[in-house]
Amino acid sequence: MSISTRTIAARRQSTEVSPTAMPGDRTVKGTILSLATVVILLSAWEIMARAKHSVYIPPVSTIAVTFVHEWFSPTFRDQGIPSLYRMFCGYAIAATLGVSMGVFIGYYRWAYRLLDPVLQYARATPPTAIIPVGILLIGIGDWMKILVIAFGAFWPVLINSADGARLVPRERLDTARVFGLSSFDSLIRVVVPSALPQIAAGLRTGLAIAFILIVVSEMIGSTNGLGYYILQAQRTFAIPEMYGGVVLLAILGYCLNAVFVLVESRVLGWHYGQTARTQ
Amino acid sequence: MISAEREKILEVVALQKRYGNGTLAIQEITIDVRKGEFVSIVGPSGAGKTTLLKTICALLAPTAGGVQLHGKTISEPPPEMILVFQDYARSLFPWLTVMGNVIFPLKRRKDIPQDEKEGLCLESIKAVGLERFANYYPWQLSGGMQQRVAIARAIAFRPEILLLDEPFASVDALTRADLEDLTLQLRDKYDITMLLVTHDIDESVYLSDRVFVLSPPPSVVVAEVQIELPQPREQVRTRSDAHFIELRNRIHAMIGKPKELVAAEEQGIAIAATGSFELNKTTS
Chain W
1 MSISTRTIAA RRQSTEVSPT AMPGDRTVKG TILSLATVVI LLSAWEIMAR AKHSVYIPPV
61 STIAVTFVHE WFSPTFRDQG IPSLYRMFCG YAIAATLGVS MGVFIGYYRW AYRLLDPVLQ
121 YARATPPTAI IPVGILLIGI GDWMKILVIA FGAFWPVLIN SADGARLVPR ERLDTARVFG
181 LSSFDSLIRV VVPSALPQIA AGLRTGLAIA FILIVVSEMI GSTNGLGYYI LQAQRTFAIP
241 EMYGGVVLLA ILGYCLNAVF VLVESRVLGW HYGQTARTQ
Chain D
1001 MISAEREKIL EVVALQKRYG NGTLAIQEIT IDVRKGEFVS IVGPSGAGKT TLLKTICALL
1061 APTAGGVQLH GKTISEPPPE MILVFQDYAR SLFPWLTVMG NVIFPLKRRK DIPQDEKEGL
1121 CLESIKAVGL ERFANYYPWQ LSGGMQQRVA IARAIAFRPE ILLLDEPFAS VDALTRADLE
1181 DLTLQLRDKY DITMLLVTHD IDESVYLSDR VFVLSPPPSV VVAEVQIELP QPREQVRTRS
1241 DAHFIELRNR IHAMIGKPKE LVAAEEQGIA IAATGSFELN KTTS
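Those sequence lines, one after another, are chains W and D.
Residue numbering for the first sequence follows this note's numbering, beginning at 1 and increasing consecutively.
Residue numbering for the second sequence follows this note's numbering, beginning at 1001 and increasing consecutively.
Careful: at least some of the hints might be erroneous.
Said to hold, decoys possible - Each pair of labels, with its calculated beta carbon distance range:
1. W/96 <-> D/1114: 28 to 38 Å
2. D/1046 <-> W/182: 32 to 42 Å
3. D/1239 <-> W/182: 43 to 53 Å
4. W/260 <-> D/1235: 22 to 32 Å
5. W/185 <-> D/1131: 23 to 33 Å
6. W/246 <-> D/1019: 42 to 52 Å
7. W/122 <-> D/1185: 49 to 59 Å
8. D/1140 <-> W/125: 35 to 45 Å
9. D/1107 <-> W/266: 18 to 28 Å
10. W/182 <-> D/1019: 20 to 30 Å
11. W/273 <-> D/1236: 36 to 46 Å
12. D/1131 <-> W/277: 53 to 63 Å
Please keep in mind that the hints were generated in silico from the structure rather than gathered at the bench.
Heads up, the beta-carbon is just placed ideally off N, CA and C, and yes, glycines get one too.
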């Protein structure tokens, strides 16, 4: 496990400093290089789109103008906010239940053995597959999306939390017992902090899944939201609007991840310090 | 030397431990520890030494026999007895600083006033020589320093008995000597009784007042050796003492052998007690 968390940490460092820079390259030169890549790609798009005059591939400048016009307007409140609201509700449910149940079943072996077959089955189900089930049972309201997101994001959080709690070194638990901590005290004061790196990994995967599910569930059954907006734009040939919606999703995804990384580096500073040491 | 009149605070009586898979790790072990004494249990690798210590402090339940602390049989880890593990990297909490680790066990203790806890911890951290590192994380420190943190954490809890499970096995030789002397100092300073398990014969002789020698598994005690070396012990002087060398050779000859053979050999030494020390060597 330590090897896999280490590689995650390494990958994290290499990918999130800057998407195009070399791993660990934090220099001014690296920043300029990655900016240059973006500028070149966008310019190439602009030139090719203007040369081709295709309705389906509008120039970047057109998309940008539409983007500003659409999203700095009540459209964001009508389409963006509902999506974010559903996502946060669903994710909060998944995180709360996933972490608490995961830590519990990881700590108490009997609970793990009891639930293992269910977990193996549920984790193998692609989360998008349950959207039709959700629509059938709950309809196409907010709660369908919230529950679909909660369901999809729940499994990676649960499984990672359970693994983290299961793999706490024996000596650490024995130390807690020697000092007279009760079983519950050990769970809260030793198991949970020990499992935090894996819990964070699960929460991160869960966040990515929640993001996918909000878009897909709104495309399949909704009357508003970003997924709905993008699909409607495509069906009504509002092509720049469609691209604008995709760009907005990308920006939102990037911001969510950035917030996550910021919180994680605060809470798990000790973990990254330690793994950097032992590498 | 600790006088035989001192109270026996810990008694391990006919302790047997069989693992869940049926393997007999400890056949029958009876030992006692007197107040203020430094006792070592020395045995070959795989003799179930860690299992023995864990059973003594009730982390594991014995298959037969029992452990008595002040004459009372224990079934849960008692607060008077604290175990220091060999692997400090696993027993320390990496998300807490040195201070955080040391104060951790005291947090829920009601018998110590809240405002005294920090001072108590600082004193323990100082006693192991880490006062400048109280705000460091354990993983920022060297191995020897991390084991000092583990010892400080145990000391701050003010136990009567410290159980040491090969605590110096994962550090280099110089650090090891430092930690051995630190342990002796702490014993004197805080009047803590020490029970050490180790596979290092020299270490057991250097530190102890009494040494129990274990057979290979399933373990039994093959001999109990009184270590009558002058106090305080000093690394160079004590280790070059002729009596030290004699004791270590005697234990060396016993270790890893069946009980009957050791008994016979020990008798041979007793007969030739006035004779040459070489006899012992030839029998081994």
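How the hints compare with the structure:
{"no.": "1", "hint": "W/96 <-> D/1114: 28 to 38 Å", "in the structure": "32 Å, holds"}
{"no.": "2", "hint": "D/1046 <-> W/182: 32 to 42 Å", "in the structure": "33 Å, holds"}
{"no.": "3", "hint": "D/1239 <-> W/182: 43 to 53 Å", "in the structure": "45 Å, holds"}
{"no.": "4", "hint": "W/260 <-> D/1235: 22 to 32 Å", "in the structure": "53 Å, violated"}
{"no.": "5", "hint": "W/185 <-> D/1131: 23 to 33 Å", "in the structure": "29 Å, holds"}
{"no.": "6", "hint": "W/246 <-> D/1019: 42 to 52 Å", "in the structure": "60 Å, violated"}
{"no.": "7", "hint": "W/122 <-> D/1185: 49 to 59 Å", "in the structure": "57 Å, holds"}
{"no.": "8", "hint": "D/1140 <-> W/125: 35 to 45 Å", "in the structure": "44 Å, holds"}
{"no.": "9", "hint": "D/1107 <-> W/266: 18 to 28 Å", "in the structure": "23 Å, holds"}
{"no.": "10", "hint": "W/182 <-> D/1019: 20 to 30 Å", "in the structure": "26 Å, holds"}
{"no.": "11", "hint": "W/273 <-> D/1236: 36 to 46 Å", "in the structure": "39 Å, holds"}
{"no.": "12", "hint": "D/1131 <-> W/277: 53 to 63 Å", "in the structure": "22 Å, violated"}
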